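Chains A and B, in that order, are what the protein sequence lines are.
Everything in the first sequence is counted per this note's numbering, starting at 1 for the first residue and increasing by one.
Everything in the second sequence is counted per this note's numbering, starting at 1 for the first residue and increasing by one.
Nothing false has been slipped in among the hints.
Reference listing, derived: stretches of chain A covered by chain B, where coverage requires no fewer than 3 residues with Cβ under 8 angstroms from a Cβ of chain B:
#, segment
1, 79–90
2, 100–108
No more than 20 angstroms apart at the CA atoms, straight line, and that leaves these computed lysine to any residue pairs for SDA-like:
#, chain 1, residue 1, chain 2, residue 2
3, A, 75, B, 232
4, A, 9, B, 140
5, A, 75, A, 22
6, B, 327, A, 135
7, A, 130, B, 273
8, A, 75, A, 156
9, B, 175, B, 110
10, A, 250, A, 226
11, B, 175, B, 164
12, B, 327, A, 86
13, A, 75, B, 224
14, B, 327, A, 88
15, B, 327, A, 136
16, A, 249, A, 202
The set of hints was computed from the structure by calculation and includes no laboratory data.
Remember, predicted model here, so these are calculated numbers, not experimental data.
Just so you know, even glycine gets a beta-carbon here, dropped at the ideal spot from N, CA and C.
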Amino acid sequence: MEVRRAAFKYAAHMIFEALDFDVSAGEVLTVLGANGCGKSTLLRCLAGTLRLSAGSVRISGEELAGLDSTARARKVAILFQEHQVTFPFSALDIVTMGRTPYLSAFGSPSAQDREAAAHALEEFGLLHVKDRAYTELSGGERQLVLLCRTFVQQPAVILLDEPTAHLDFRNQVRCLDMIGMLAARGVAIVLTSHDPNHAFLFPGRALLMQLDRSAVIGAPSEIINRASLTATYGIDVGVFSIDRPPPAKKLSFCSPW
Amino acid sequence: MRRAAWFAMILVPLAALYVSLLVGRFYVPAGTVARILASPFLPISPNWSASMETIVLQIRLPRAVMAMFVGAGLSISGAAYQGMFRNPLVSPDILGVTAASGFGAALALLCSGGAVGVELTAFLFGILGVGLTYLLARTYRSTPVLMLVLSGVVVAAFFSALLSGTKYVADPDSKLPAITYWLLGSLNGTSAQSLGMALPPIVLGAVGLMMVRWRLNVLSMGDEEAGSLGIRTDRLKAVIIASTTLITAAAVSVCGIVGWVGLVIPHLTRMWVGPDHRALLPAACSIGATYLLLIDDVARTASASEIPLGILTAVVGAPFFAYLLRKTQGAWQ
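Sequences are here, hints too, so could you generate the full structure?
Next up, the structure:
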């Protein structure tokens, strides 16, 4: 995915401008920033549900703005932060919905589509929730089922808006693990997070959307430091590193300081 | 769904239809009903009176068939709207079709229109009402659900006021009772001709809804999410609204205002077959057809004169819904 000179204005209010970055297959880009800095807006622009005021988004060489919703859904999957399911669909039904962009206008999923969905659930260790009502699953299981749906959608890019919000510590880790597994299958992933530590967990870069509306992008070990985090969140945050027994690499983390 | 369930969904309404042809003040033996029904197709020498044949084929059969199609139509419409509005408390008249159709019928009755005139006016006004709601709700090339609901409230209130105005100026000795009775709902006087007028739009609408039954599942995830899964939500909503309006406008135009069917039946069906619209829509048709057929049997046989259908469906539907509410404690499963 290539993003060039991207800008978004809400009325006369500039949310972000002149954003340039690429996300390659298998990479995870972690977008960090304070509340209201435009992380979610950026993701919606990358998904094509909002239109950029200027600039362009290209996915595998194709201009996103030129695609219809079906073609777009085959290239980009997105999980929104607010998400409410009213009716008790089974987890398998929810995952099967990921096949929708591959169906004809009046078609229903075929046996193969259901099989692909069941297979994905199995692959990510979720087979035990297959026939359970999605509305009765725990928050963590729901998020994993939705991640499974994005996988079944077979996009080049997966966009995740705060996938770990509302999850307990264990489920945050499970969710991040699964995101890592998706990236390892060659999908480009862009996720937003409120926890700068998440950036250190993935093989990829971080994008800091700072309070002065400038953006910094680069390897987490290079760009996440006390000065940049202060410029991003407006509080004093320290970044630390500890050695781990080999072959594990250094572990970096940050904390209010 | 299992094959046995599909068979039951077809056989139960047909069995109810046969029973409905037997009941009534004029006694026709069960065997005779079967022979009368078969006589147009098989060489059976008639051993029944002409009045028996008239009653079965020209009075009871059209009325029973109409009850089935109206029941099925209102139920599939309610199921589709509940999915689209993501709310199990929605009924097919949410966009104002009933109020607008009611006004159309009252206007035709006021102008001394015949049965066909009343049906036609009611049908056209129903479509006009929903059309107004749709235009009112349309913003920035999309139709948000909340805008639809609010516009529906506005349009329904407007046509209700016009209906009241029509009643106010109607002659209290002849026109006013006619309007009032029409609005209470009845299938009395259903003829082959009114079947011919009402069935095509009901069937057309039902086919339309059946074609998008999978997409309804996805749409019930919400507009933005459905859009990200590759669905043109504004176009899909237009198809659903158009189909549902064809059905409900046709239903109201032939039998007046019959409430609760489109709310209770989809709800009940969802408890049995689950929320997947691929099973929910056909099952709601089957159960709705059987339900309204049996209700109409009660309406025409329970007392010396007809009981208006709208009264019965509410008297049966409201307590039943209350029971469901208490039993499930508001958890829609």
